[in-house]
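Enquirer: Listed below, chain by chain, are the residues.
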Amino acid sequence: MSELTLRQWLLTDAPTSRRHARLASLYQGWLTLRGNTMAMFGLGILIALVLMALMAPLLAPYDPFVQDLSNRLQPLGTEGHLLGTDSLGRDILSRLIYGSRITLYIVALVALIAPVAGLLVGTVAGYAGGWVDVVLMRITDIFLAFPRLVLALAFVAALGAGIENAVLAISLTAWPPYARIARAETLTIRSSDYISAIRLQGAGPLRIITKHIWPLCISSLIVRVTLDMAGIILAAAGLGFLGLGAQPPSPEWGAMISEGRRFILDHWWVATMPGLAIFTVSLAFNLLGDGLRDVLDPKDDNR
Amino acid sequence: MTATDTTKERRRRAPLAPWIRGTVLTLGSIAVTMLGLLFVTFIIGRVMPIDPVLAIVGERASQSTYDAVYEQLGLDQPLIVQFLYYIGDVLRGDFGTSLLNARPVSEDIARVFPATLELATLGVIFGVVLGVPLGVIAAVRRGSWIDQVARVVALVGYSMPIFWLGLMGLLVFYGILGWVGGPGRLDIFFQDIVPTRTGMILVDSAIAGEWAVFRNAFSHIVLPASLLGYFSLAYISRMTRSFMLEQLSAEYITTARVKGMSERQVIWGHAFKNIRVQLITVIALSYANLLEGSVLTEIIFSWPGIGSYITTALLAADMNAVLGGTVVVGLIFICLNIFSDLLYRVFDPRSK
Amino acid sequence: MNAFNRLLASAALGLALTATAGIAETPANMLVIAHRIDDIKTLDPAESFEFAGSDVSRNIYMKLVNFDPMDLDAGYQPEIAESWEVSEDGRTITFMIREGLTFHSGNPVRAEDAAWSLQRAVILNKTPSFILTQFGFTPENVTEMIVADGNTLTITTDKPYATSFVLNCLTATIGGIVDKEVAMANEVDGDMGNNWLKTNSAGSGAYKLDSWKPNESVTISSNPDFWRGAPAMERVIVRHVVESASQRLLLERGDIDIARNLNPEDVAGASAADGIKIVDELKGRLMYISLNQQHPELSKPEVRQAFKYLIDYEGMQNSFLNGQYVTHQNFLPQTYLGASDENPFSLNIERARELLAEAGVENLSIEVGVREAQERIEIAQTMQNALAQVGIEMNITVGTASQILDRYRARDLDVYLGAWGPDYPDPQTNAGTFAYNPDNSDEANATGLLAWRNSWDTGGLTEKVDAAVIENDRDTRAQMYLDIQAEFRETSPFVIMFQQVEQSAMRENVTDFSTGQAITAASYWQVTK
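Chain order of the listed sequences is A, B and C.
So for the first sequence, the working numbering puts the first residue at 19; every next one is plus one.
So for the second sequence, the working numbering puts the first residue at 108; every next one is plus one.
So for the third sequence, the working numbering puts the first residue at 105; every next one is plus one.
No wet-lab data here; the hints were simulated from the structure.
Among the hints, a few may not be true.
Unchecked claim - Derived EDC-like pairs (lysine to aspartate or glutamate); straight-line CA-CA distance at most 20 Å:
#  : chain 1 : residue 1 : chain 2 : residue 2
1  : C       : Lys317    : B       : Asp294
2  : C       : Lys302    : C       : Asp142
3  : C       : Lys404    : C       : Glu594
4  : C       : Lys317    : B       : Asp299
5  : C       : Lys317    : C       : Asp143
6  : C       : Lys312    : B       : Asp299
7  : C       : Lys404    : C       : Glu462
8  : C       : Lys317    : C       : Glu154
9  : C       : Lys317    : B       : Glu214
10 : C       : Lys633    : C       : Glu129
11 : A       : Lys229    : A       : Asp211
12 : C       : Lys633    : C       : Asp378
13 : C       : Lys302    : B       : Glu214
14 : C       : Lys381    : A       : Asp284
15 : C       : Lys404    : C       : Glu591
16 : C       : Lys263    : C       : Glu285
17 : B       : Lys380    : B       : Glu353
18 : C       : Lys302    : C       : Glu320
Stated by the list, open to error - A few chain C positions that, by computed beta-carbon distances, are all more than 10 Å from chain B:
#  : residue
19 : Lys145
20 : Gly240
21 : Glu401
22 : Asn452
23 : Arg455
24 : Ala463
25 : Asn467
26 : Glu479
27 : Thr504
28 : Asp543
29 : Thr551
30 : Asp561
31 : Lys568
32 : Ala590
As the list claims (entries may be wrong) - Among chain B residues calculated to face chain A with C-beta under 10 Å, some are:
#  : residue
33 : Val139
34 : Val256
35 : Lys380
36 : Leu449
37 : Leu450
38 : Val453
Small disclaimer: the values here were computed from a predicted structure and weren't measured.
Glycine included, C-beta positions come from ideal geometry on N, C-alpha and C.
So here's chain A without its partners, still in its complex pose:
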């Protein structure tokens, strides 16, 4: 009974407070999203991924680092090693399960760093205008004109290989589009009556940017971030593949492909399994992002 009233409260046409209104629109968005089977499928995979990462020690049949040189390169379906073993006789399934932690870690960090940096640059440029705008946007252009993987490579080469540096490198290549979006949004908002009114009330630029402009930019950024997640995972795996991501013996998926590609002809599963894992997770992000865009970004196709 109480659930029903909550539902009614959320679906009301006449919200009683700002918070009520916000919750109501969120709930309606959720309803739309729930109707999108593919998005829900993606969400399901991601929840499973998070659970897998959290419960890795319980789920993994073996320690992902324990080697057994006499039991290497076992095929799929071997007794006790469902997905076989790698070149040093480690259980591939266990490594995949632990590897999900690394993937999530990278994604979470980049998703925090890049949009925030982009938001900062974009809103400041858009709000301040003049030479600040010119300088910041020129810098943005420079980074946009860089070949992305090359920039990331150069950065990692400069700082040394490792997960944290890979995260920084990917963020460095990922922020410019966010800055552009944020600037565009800021330009439209800046000249609105609403902002002028606040300015007349004596609010300083810092307050206007953080309290009034940022919240309005968030929704378009969230869509963009979700859609970018897959790209981030692929970039991280690409760096791992080139040996510039996580360091051995860590079970990073891209590095696992790179290790396994030597055996591609006779022991194809060693490289195939982590490839499938990367594909599944980035597909899940794309499905969810596609659904979210329908909900949050009314300008786009599914009107």
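Please build the complex by placing chains B and C on the supplied structure of chain A, with the hints as guidance.
Expert: Relative to chain A, chains B and C alone:
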């Protein structure tokens, strides 16, 4: 404040024709961006913990050999002086000598860039030929199974690790089925048969009329090009669909339909005609991405293109090669952007 | 899943079958080799110092003395020098130059060319110049130490070195004799033709250079006037192919004759295919780890010893290194004068634990530097596993070759895992770097010496190495190296683990191909198909 500034400026420059002013501004911004690009690359190259001298002389060299090369590279000069020298050389079209293979970088780029150009061009053709119709049909039959299929095809494309798909493709189509050529651009017997004119083997062999070489080159390029093409197909078909949907819901389309115009005429004659310019922008962007983003594909397929050239050079601390390659790729990226901007301005009725 | 696995396996088998059905076959007078050749930086013999470059150079340039690829065990043989005499004080060698030899240009090969080539290498002072300057040559005195007179060439050294030592050094790439007239015709700014010779050739050997496309291919064509007779293979193409799997597919399909970089798994796969044979050759490269003696714990003798018991030599040799590395625990590679086959260490966790307890080592955490090469990374991980069992935490830092080397040379790594290949086929090449360090101070900056890089003062071996290099009696000299190595094995901070075996996979019709074993580079003139 800003408004008064611009008016003042406009008054001062009044005699200038607007298109001259536009051109000057555009060229200026290209120059500034390029300079910034160079500077960032240069700095990265200098802070990198790889010693270029060591990369040249190797680990057995004596101290005097080391010192000689150190001076020869001008590394004893202050950073800013080195940078200015470098800019001066680039302006004269001299990218310096590759530290590692002793050849002019410009010569190397002239050799590797056509390989990438060939691959990316074929890839983008693939993406356009399949992606545009797919996008249009998906938009017209919105919600149908074909729309769903198009969506899945695109999302799978966005989600695929290309280095993995490339490996699998090689294993299946070259290793097991033997349908396509292996890594590299040509089989060994076909090398050095056709004279290099454009550096793009498909074009060169067609000019020379060597169709056996052409076929062999095609069998080598078809797999990597279709992989790249698939990724641009994903992007192009999604964007086409979205542009088409916008047009199809516009009032003039309803009017046209009411007037009894055939559906085919409505879709291709009206709606599609109006998205051409937007599409070209998308294709240009996608092309630029393929030109700069095929690093991993080139590595998997041993394709001697600019992506793998820059990567190899980077890992070997060959900074002249990295700088040269980056400048070329960056310049192309910027030019394609400006090109699509111009198209927009010329053709789009709204921006006039 | 298992059924699919079997399906794919049978498909792969099908591939092998279609390959033998033979769509492709290389032309009978052409040898096509797949090899990694991205290390080539220059083809000037005075500067070239990389493996793939030595292969090219050995086929283009003749030397005063050289090895016969059909009988490498015989040691150096006369080539441009027909014979030689050693003066009584042992410091001067006089070479008689063979008559009637010509360069590819048609110019005669004169004593003057030989003298100029060696002088040039010293004056240019490029990386490999130390091979010659260790005999006391400097750019200032070299024209007096190496002198051509009519048909003879005289080389005078600063000490009475063992003759075999001097001659072995002359078989290195830097001993290649260049056509002076052609090189000087292409001189720019007094570079003695260095810039031109980087990408062109001026030799008298079995082949001349057609083209070198960096990271793509090297093509050489035969010299019909070669003094040993025109080579059967009129054209040799070495194509740069990085991936082992690609090399194997090319070979199985008959697109190439020889694949030189197959990994153990692909060797096993390829040898099962029809029409392919595998040829094993022991190479000079050693895989070792070393402990930095500036580290307070790693410098304890017990700890050094413990590490030698923490390597799973046998396990690695029989798994991921299978067939390509054999256990070898001495700094002179097998087949070298004075090489030892004693390998006393094996994996013994208990023994290592005792040694560490004796040294009082607890909670040790160290860093190992490895370059980005899969087999080395796997060795590091195997070692990491063994160390963990005795409570030592070892973090692996992977970097590009020059990144890791940079830190190694700066004495900055706790542990280094890497390879060392001899520079010339004489025991001094390794003795003079592993067991030789006259000044261990940081200021000495002797970055070329492995002992210095690990801050090891060699505990008196330096003097013994100095004595061995001027010993002219072959057997005495060999015994001196055996003694040095016996001491080195027990006391040094080096854990020498493996010696490389190169496995070349080739089509069955290829005969007499040799990569030069442990002493020299590959040669093609004797190959037939």
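Enquirer: Evaluate each hint against the coordinates.
Expert: Okay, the hints, checked on the actual structure:
no. : hint                : result
1   : Lys317/C - Asp294/B : 16 Å, holds
2   : Lys302/C - Asp142/C : 15 Å, holds
3   : Lys404/C - Glu594/C : 13 Å, holds
4   : Lys317/C - Asp299/B : 12 Å, holds
5   : Lys317/C - Asp143/C : 12 Å, holds
6   : Lys312/C - Asp299/B : 17 Å, holds
7   : Lys404/C - Glu462/C : 10 Å, holds
8   : Lys317/C - Glu154/C : 16 Å, holds
9   : Lys317/C - Glu214/B : 11 Å, holds
10  : Lys633/C - Glu129/C : 12 Å, holds
11  : Lys229/A - Asp211/A : 16 Å, holds
12  : Lys633/C - Asp378/C : 17 Å, holds
13  : Lys302/C - Glu214/B : 15 Å, holds
14  : Lys381/C - Asp284/A : 18 Å, holds
15  : Lys404/C - Glu591/C : 16 Å, holds
16  : Lys263/C - Glu285/C : 32 Å, violated
17  : Lys380/B - Glu353/B : 13 Å, holds
18  : Lys302/C - Glu320/C : 16 Å, holds
19  : Lys145              : 5 Å, violated
20  : Gly240              : 14 Å, holds
21  : Glu401              : 26 Å, holds
22  : Asn452              : 33 Å, holds
23  : Arg455              : 33 Å, holds
24  : Ala463              : 31 Å, holds
25  : Asn467              : 29 Å, holds
26  : Glu479              : 18 Å, holds
27  : Thr504              : 5 Å, violated
28  : Asp543              : 13 Å, holds
29  : Thr551              : 7 Å, violated
30  : Asp561              : 20 Å, holds
31  : Lys568              : 22 Å, holds
32  : Ala590              : 27 Å, holds
33  : Val139              : 6 Å, holds
34  : Val256              : 12 Å, violated
35  : Lys380              : 20 Å, violated
36  : Leu449              : 17 Å, violated
37  : Leu450              : 19 Å, violated
38  : Val453              : 22 Å, violated
Checked against the numbered hints given earlier, this structure breaks hints 16, 19, 27, 29, 34, 35, 36, 37 and 38; the rest are met.
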